[in-house]
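Put together the whole structure using the sequences plus the hints.
As a plain string of letters, each chain reads:
There are 4 protein chains.
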Amino acid sequence: MTKVIIWNENIHEKENEEVKKIYPNGIHNCIKDFLLKDSSFKIETATLEQEDNGLNEETLNKCNVLIWWGHKAHSKVLDKTVDLVQKRVLEGMGLIVLHSGHHSKIFKRLMGTNCNLTWREFGEKERLWICNPAHPICHGLDPYIELEMEEMYGEPFQVPSPEETLFTSWFEGGETFRSGLLYKRGNGQIFYFRPGHEAYPTYHNTNIQKIIKNAINYVKPKNNNIWEDIHSPIPKSNRPKPIENIKKRGISIDHPTEK
Amino acid sequence: MTKVIIWNENIHEKENEEVKKIYPNGIHNCIKDFLLKDSSFKIETATLEQEDNGLNEETLNKCNVLIWWGHKAHSKVLDKTVDLVQKRVLEGMGLIVLHSGHHSKIFKRLMGTNCNLTWREFGEKERLWICNPAHPICHGLDPYIELEMEEMYGEPFQVPSPEETLFTSWFEGGETFRSGLLYKRGNGQIFYFRPGHEAYPTYHNTNIQKIIKNAINYVKPKNNNIWEDIHSPIPKSNRPKPIENIKKRGISIDHPTEK
Amino acid sequence: MTKVIIWNENIHEKENEEVKKIYPNGIHNCIKDFLLKDSSFKIETATLEQEDNGLNEETLNKCNVLIWWGHKAHSKVLDKTVDLVQKRVLEGMGLIVLHSGHHSKIFKRLMGTNCNLTWREFGEKERLWICNPAHPICHGLDPYIELEMEEMYGEPFQVPSPEETLFTSWFEGGETFRSGLLYKRGNGQIFYFRPGHEAYPTYHNTNIQKIIKNAINYVKPKNNNIWEDIHSPIPKSNRPKPIENIKKRGISIDHPTEK
Amino acid sequence: MTKVIIWNENIHEKENEEVKKIYPNGIHNCIKDFLLKDSSFKIETATLEQEDNGLNEETLNKCNVLIWWGHKAHSKVLDKTVDLVQKRVLEGMGLIVLHSGHHSKIFKRLMGTNCNLTWREFGEKERLWICNPAHPICHGLDPYIELEMEEMYGEPFQVPSPEETLFTSWFEGGETFRSGLLYKRGNGQIFYFRPGHEAYPTYHNTNIQKIIKNAINYVKPKNNNIWEDIHSPIPKSNRPKPIENIKKRGISIDHPTEK
Chain Y
0 MTKVIIWNEN
10 IHEKENEEVK
20 KIYPNGIHNC
30 IKDFLLKDSS
40 FKIETATLEQ
50 EDNGLNEETL
60 NKCNVLIWWG
70 HKAHSKVLDK
80 TVDLVQKRVL
90 EGMGLIVLHS
100 GHHSKIFKRL
110 MGTNCNLTWR
120 EFGEKERLWI
130 CNPAHPICHG
140 LDPYIELEME
150 EMYGEPFQVP
160 SPEETLFTSW
170 FEGGETFRSG
180 LLYKRGNGQI
190 FYFRPGHEAY
200 PTYHNTNIQK
210 IIKNAINYVK
220 PKNNNIWEDI
230 HSPIPKSNRP
240 KPIENIKKRG
250 ISIDHPTEK
Chain C
0 MTKVIIWNEN
10 IHEKENEEVK
20 KIYPNGIHNC
30 IKDFLLKDSS
40 FKIETATLEQ
50 EDNGLNEETL
60 NKCNVLIWWG
70 HKAHSKVLDK
80 TVDLVQKRVL
90 EGMGLIVLHS
100 GHHSKIFKRL
110 MGTNCNLTWR
120 EFGEKERLWI
130 CNPAHPICHG
140 LDPYIELEME
150 EMYGEPFQVP
160 SPEETLFTSW
170 FEGGETFRSG
180 LLYKRGNGQI
190 FYFRPGHEAY
200 PTYHNTNIQK
210 IIKNAINYVK
220 PKNNNIWEDI
230 HSPIPKSNRP
240 KPIENIKKRG
250 ISIDHPTEK
Chain W
0 MTKVIIWNEN
10 IHEKENEEVK
20 KIYPNGIHNC
30 IKDFLLKDSS
40 FKIETATLEQ
50 EDNGLNEETL
60 NKCNVLIWWG
70 HKAHSKVLDK
80 TVDLVQKRVL
90 EGMGLIVLHS
100 GHHSKIFKRL
110 MGTNCNLTWR
120 EFGEKERLWI
130 CNPAHPICHG
140 LDPYIELEME
150 EMYGEPFQVP
160 SPEETLFTSW
170 FEGGETFRSG
180 LLYKRGNGQI
190 FYFRPGHEAY
200 PTYHNTNIQK
210 IIKNAINYVK
220 PKNNNIWEDI
230 HSPIPKSNRP
240 KPIENIKKRG
250 ISIDHPTEK
Chain B
0 MTKVIIWNEN
10 IHEKENEEVK
20 KIYPNGIHNC
30 IKDFLLKDSS
40 FKIETATLEQ
50 EDNGLNEETL
60 NKCNVLIWWG
70 HKAHSKVLDK
80 TVDLVQKRVL
90 EGMGLIVLHS
100 GHHSKIFKRL
110 MGTNCNLTWR
120 EFGEKERLWI
130 CNPAHPICHG
140 LDPYIELEME
150 EMYGEPFQVP
160 SPEETLFTSW
170 FEGGETFRSG
180 LLYKRGNGQI
190 FYFRPGHEAY
200 PTYHNTNIQK
210 IIKNAINYVK
220 PKNNNIWEDI
230 HSPIPKSNRP
240 KPIENIKKRG
250 ISIDHPTEK
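Residue numbers (numbering that gives the first Met the number 0), protein chains in the order written: chain Y, 0 to 258; chain C, 0 to 258; chain W, 0 to 258; chain B, 0 to 258.
It is possible that part of the hints are untrue.
Put simply, identical chains are the same to the list, so a pair is met inside one copy or across any two.
The calculated lysine to aspartate or glutamate pairs, modelled on EDC-like cross-linking and capped at a C-alpha distance of 20 Å, are [to be verified]:
| hint | residue 1 | residue 2 |
| --- | --- | --- |
| 1 | Lys-247 | Glu-147 |
| 2 | Lys-219 | Glu-90 |
| 3 | Lys-107 | Glu-90 |
| 4 | Lys-36 | Asp-51 |
| 5 | Lys-247 | Glu-17 |
| 6 | Lys-183 | Glu-163 |
| 7 | Lys-219 | Glu-163 |
| 8 | Lys-247 | Glu-145 |
| 9 | Lys-246 | Glu-147 |
| 10 | Lys-75 | Glu-48 |
| 11 | Lys-247 | Glu-120 |
| 12 | Lys-246 | Glu-145 |
| 13 | Lys-104 | Asp-82 |
| 14 | Lys-183 | Glu-162 |
| 15 | Lys-75 | Glu-120 |
| 16 | Lys-183 | Glu-43 |
| 17 | Lys-246 | Glu-120 |
| 18 | Lys-221 | Glu-163 |
| 19 | Lys-41 | Glu-162 |
| 20 | Lys-221 | Asp-141 |
| 21 | Lys-212 | Glu-56 |
| 22 | Lys-75 | Glu-14 |
| 23 | Lys-212 | Glu-145 |
| 24 | Lys-61 | Glu-90 |
Worth flagging that the hints you see were computed from the coordinates, not collected in a lab. Predicted, not measured: the structure shown is a model, and the values here were computed from it.
Printed below as a string of structure tokens:
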């Protein structure tokens, strides 16, 4: 059983009539609905307006994969939420960052860059090409996926070089974008996946749904082997002894290094 | 002319008599002294206790390479200083992070991980082995460097996989450490270099001095080609026009994505 | 059921009396014996002296993970064997290269470098430190593993930067080595693991056995999604049509690009 | 002075009347002509039909950057030529592989994969987008480059994940391609650059010329620090002594590991 939390900002869906028609219960519930067809997933949702942004240590400790959708209120996400999510990613929780989540606090925190890009909202055609057809995230797909209407995201996308580029997008208006990127931070696998502008029915597309399902199975922790997050002097009880017979030299500075 | 700023916390050297004997003018001035022998460097220093931590937009904009030494007061570095340094690294400024700087705000910001490690202060012997003898940073060195007394840093070192591992350390007490790591964030080259505990005369060692000099020349920007830090919609005046004849489809959401 | 083939050169064990005592049935059968305790593995072995080096298209097509041990007769491995193994790695078969297999034709083929290193056969103590305690390959291990007697391998190890460094070795004689390296070529995960000199009982060590078991489970294909190995012009029947209404321009050169 | 050798297969230009019109003196001389405008380059050319493919140890030892264009006769390149070029790349010589050189023996040798891709020769429009505007190779360029007629290359491009992706291409017919990729093998920087089909005047385009010039300056060795290509036992004369007082244990196998 893979425990998934879908986090959504959930503002456009309440404020904008057109978005409401596409995602009447919010993007998070649209994603939840198609994931529920797979009985190996146990799904919860969380949104910005909930207490503690709907996330806390207890729920995150049980979570295998966190999906993140945010757009216009990134700055309203609490810093302590970002700290908790980062800690869990380092321990091995998978993270899927969707679309405008490229500018979320947590993604920028994990990347170390500003994650800037260019964009155009023009409802144009997007083709997502698969760079590695046999990657588990691409299982069951044709050589490309076509979306009739999407927001364009263009290069330069200011992120570190990824572990692997899985999708590159072609836009009708003439741009390209690296749309599916894999990263690892600590033991957490991170998948950034571009499509999903709130003004279009992207998450109703069965290929997009397939990719998100595949991605959950790919980024989830492979075992329950949590990183023992050590920052401590040696020796202590559970640490090895140094090679015998070395002699201490020089002075000592009393210095518990600050975290 | 390569413009270098050496930043130092400068606390141990003022508080501890033993450290004061080793670095009477502070670690920053010890580093400055050996760099000044190379006339291609223009050196400035900055310390924590100075106004704005001794760094501001003007000085950083002129800086090609920033060297960072900090240990017990990482949390006292201002967040606006960290923001400024990160911005300049993304634009292309080189950054050399020394020893306990692994836990500095700026290094953790750029790595996206907690950068934890294990350690032992026992004045033991360290051998730094060169993993790539022909790398410019290793120019002029023997197969390994030996330091008679150093603090031990041990694995696991919780950082992302580096672009290249240049040095691995052997410690008398039985540990190893990945001691020279190269990263790239935006256009900035980052070099983490392990040795340099304040209790030992490491920065007086000519091999260590050679590595720091080589590293400055390696991480400095290769040209003055500053990243145009775009996060803006397309088209705007200086951006390309989309391919002709595409028609807008769907709705628009008024949405300047939040930074 | 994970199908594993253990390939062994199998020369030292027949020629040298001391090695014969340690591995009376050959290194491959020693590895087979401890793997058989795990009922999820189906194990076969293959050796150099067999017809076609014991490997052919049929057996490799069914193989999920190939383990490779070779030392003094790398050049006797047939080029067609190397071609077949490379093809299967690109398709997704896992590959575990042990010890002196660093210089095998297949490892050099996949790395693109000469894979040189330095060594000393002196029966000295080796400590393997874990760089990422929560990686599935490191599951169930203490912070380090100690081997009383091993051949030393030292830096520089001339391989490309790995996807991840999992183990670094400390040797009694003063050297270090990057002893556990992960690579990806096509869809195949490759794990290089250093220990295993024929003169010492390394593969009888239960920690080493645990790592090899973990590695099989890590590098095995995640699904049966074989890369469709395309090198063909577009359009053809199963390929997408180009965007409508583009007009051919310029001349054509009759040119089936040579493989 | 940067010493550059431009290697060209030089067959299309002699066999095909249309290609001859575009490149009357061969692609190599077209590239030579625009490079000669920069007095910091010293240029030589070499072609397939020359003795030893026009390359030998002496000329390669003096070469800083080798440019490679080949298409329909990859298999006619001598294996000893490939060996020599690979050796020099590992030592630090820069290598620029153009267009259909993706399938050359030397590129496949260095990548470890089959380097397959898809293609269509239809004279369609290509837009090359810059993924990192401040990279030295992108110096002086607009956000994208447009070529009125080019052969299409499409994903999947079966190469290892690059150190950095500098260009992604948009094709009029609906495909994308990762068109500018950086790799490192040993100390050699490798730049793969997609455009340059023989049927179109791509190398007459001033932006393409600018990129090739920039790339030469980027991939050329940063110093004369040649990798000492060690594969030898320790100790030998120029190698360090082991830590004193360790005692030999176990047996020895007489084993000069085969190259």
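**Study point:** Numbers of the earlier hints that this structure fails to satisfy, in rising order
**Key:** 4, 15, 16, 19, 21
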